[in-house]
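A.B. asks: If you read the sequences in order, they're chains A and B. If you read the first sequence in this note's numbering, its first letter stands for residue 52, the second for the next number, and so on. If you read the second sequence in this note's numbering, its first letter stands for residue 344, the second for the next number, and so on.
Please keep in mind that the hints were generated in silico from the structure rather than gathered at the bench. Be a bit skeptical, because a hint or two may be false.
[Said to hold, decoys possible] For lysine-lysine, the following DSS-like pairs were computed, each having C-alpha atoms within a straight-line distance of at most 30 angstroms:
id : chain 1 : residue 1 : chain 2 : residue 2
1  : A       : Lys231    : B       : Lys379
2  : A       : Lys301    : B       : Lys616
3  : B       : Lys379    : A       : Lys255
4  : A       : Lys291    : A       : Lys353
5  : A       : Lys332    : A       : Lys258
6  : B       : Lys616    : B       : Lys641
7  : B       : Lys616    : A       : Lys332
8  : A       : Lys332    : A       : Lys291
9  : A       : Lys255    : B       : Lys384
Please read these numbers as outputs of a predicted model, since none were measured by experiment.
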Amino acid sequence: MLRRIPLPPFSFHTFCRLIYQHIMATDEETKPVSTDLPVHPKPQNEEFDIVATYRSLLSSDREITMPIAAIESLIDFLSITPYVTSMELVEKVKHQKALLLASAPNPLPILAGADLFEQFLLRSLRPPPAASSSSNLTEPMSFDQTREHLVANKQLFAQRAQAARDNIAIWGARYVSDEKIVLTAGGSRTVTKILLRAATDQSKHFKVIYILEQGDSRSQAAVDELRQAGLEVETIVPNKVAYVLANQKKINLVLVGTEAIMQNGGIISGMGTAQLAALAKAVPGGMKRFYVAAETHKIVRKTPIAYPIVSKMGVRQRDITRFENIGVDLDNELVKQPLLEESDEVDYTDPELIDGIITEQGVKMTWQIWELVDDYI
Amino acid sequence: MPPSQANYAPSLDKLIKSLKSQPYEASIEALIFLLKRRQVKGDDCAVATAHILLQVVARSKWHDVDQLLGRVQSVGSRLARAAPHEPVIGNIVRRVLGLIRDEATEDRNNADDLGSDSASDIQSLAPTNPPPQRPAPTPVLMRSNTAAPGGLQVSKSMFNILSAATNADTPMTGASTPLSQAQPASVHALRTEVINGIEEIMDEIQQADDQIASFADIQIHPGEYVLAYQPTKTVERFLIKAATRRRFTVFIASIDPIEPGNGEKPYAALRKKLNSHGVTTINLASNGLMAYIPRVNKVIFGAKVIYQNGGLLVDSGACIAAQAAREFLKPVIVLGAIYKFCPEDPSDEAVIGELGNPSSFVSYADGPEVEALDIENTVTDYIPPSLVEVYITNLGPQTRHHLASILADHYKVEDIGYSLHDGEV
């Protein structure tokens, strides 16, 4: 429920927002953008639809990651929510988060972003630490300050996410060696950045083998981008991976992106990643390292333990423990919910198979991931 | 501070003695020469690097912290490039850089705050380099533990992305604000502080073996059979220390063929010392090692370098022993001082191993053999982290999963990002 009378600080923000939207809207009129989805739903008239906001954010910007889109849509929600008590606001945020999670067959990336956001908000509710130092900068913000800060700096967070990717490129480019071949798959933008960055180094001449399935437009776009930058890219079909790994001795690095990093250092990523990781370790023929490039905001605070892992983590995709042609109860609730498209299905790669995770804070071993999470509970 | 070991290559001794009498630039050249000819290797590299950097700090001309950092970086990368097979050099350089940053931050906090419009010092110093990983912006909302002045700590927080804007806009939060306006007095003080710090590092290097040995009687129990593969000085001291407290049996495995003329068995001195304490020693040829593994309780190595993933470089052949131990579920213990922990992943070259002089295996007098055979003699082995049970450092035993925090304690994130091998100034 929205109250009619917003309090002064937020009416100001709302005002700024509207001006901004107005400017943006006039800018975008020239482009053939579909205006079906409300880009920024107006608080006064309609009920705020977080799912629509999230989707329009994702479709409007190819560079934005799912966790960041989730964070931004929650900030949008904050900015239109009239002033209420902090606990009420937290409850409302939780509700929106749940709506958002329910809307996606693969909620993990959203969960990563939304959890981060929620924890950040909750942190300000804590009493300030007793032994806080004298410096003003380190004073924790109050709840209201936090809220204002979040609403006012929405753009900044997206920029930082971009900057994080650039940092990953700097770290990751070191792992690309001269006269070697990088094997990659999945069309990750982070991986593309790493390879482009490595290509700017005059002392490195390397080639790329891209695993590309027919009709995978994301990967195709990545291949095109790399080729445009002058890199030698060879594409192979997924069936060939073991053959290429065994016979192309010059491959020394297998590099992939991911959708979500689990707390134990495992990753849940596009279907085929687990195969690739297992093959990189198992196929004889020279040493191959398997690295994952991902920003830390993709870390999900969940530890996978039970099988089938992906389904237990809340991803709704075709359940491989059933055989649908031998009489399954189709009235089952799970079946009714939308499932992931087959091309978007994900699998789980065990941390044992991963040599390192390249984040913007440096290259982390898989067992260091919990340290990152530890700090944010 | 003269190094204590007597069996240093004489030329390094000479170099250290002559440090004071010749210009420091000449000493650098002399050390590079020694490194290239491998007359200085292993642990000596660390000592030598510390000595040279001490000279650089003490005798080169610098007026602010940025200049000093630049000097140390350029000398450091020259040394590192002279011996790319010795990552220990890079470790010492990084330690010294971190030390300078610490002292500079302290200094700055004492002086008036000069404002935080400082550009990144590294970026201005090494323009050809990609800007190193900037430290994560100080998370303003973090609890007080990250509130240390300067905020140089490696932030472990995922909240960076959401933290308050003020600090995030300055690229190098608090990283050694240039002291360009600083008084000469403070430069002098900084010099003294840094020199003291480097001397502490040298002390640490010297005492490391003793400190590691002090954990010996915890690791070795009475009546055990211990396999030492080509014991290094560190391992020797460890075993001797254990021998003073425990009765056990040592298998000494070595690859060196016993030279026919010289009747002495390898590691005679070590054996003599161990025997005098009543510890039985048995010499093994390394190719017969497998047969003894079932009898052995634990395997001990000295590491040349320990990488951030827990893998390590050792003398060649040790990997066979480690793998054999793994097959028989025997623990592998690695001895390595803190200064050997390298905040990088192993390079491809390191993993493949380094090739050495094969002439001890085939005599050049034997023409047909030299003609017909390709002989490779690897001198280093890489042991993957999965084969190692425990790392004994001078700060105590550690498992692989805690190496990251050791690295975070000893190196600054800016210096980890600074690649010494590419760094041309």
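A.B. asks: For every hint, state whether the structure bears it out.
C.D. replies: Structure-based check of each hint:
no.	hint	in the structure
1	A:Lys231 / B:Lys379	holds, 27 angstroms
2	A:Lys301 / B:Lys616	violated, 49 angstroms
3	B:Lys379 / A:Lys255	holds, 24 angstroms
4	A:Lys291 / A:Lys353	violated, 33 angstroms
5	A:Lys332 / A:Lys258	holds, 21 angstroms
6	B:Lys616 / B:Lys641	holds, 21 angstroms
7	B:Lys616 / A:Lys332	violated, 45 angstroms
8	A:Lys332 / A:Lys291	holds, 16 angstroms
9	A:Lys255 / B:Lys384	holds, 29 angstroms
In terms of the numbered hints stated before, the structure departs from hints 2, 4, 7, listed from lowest to highest.
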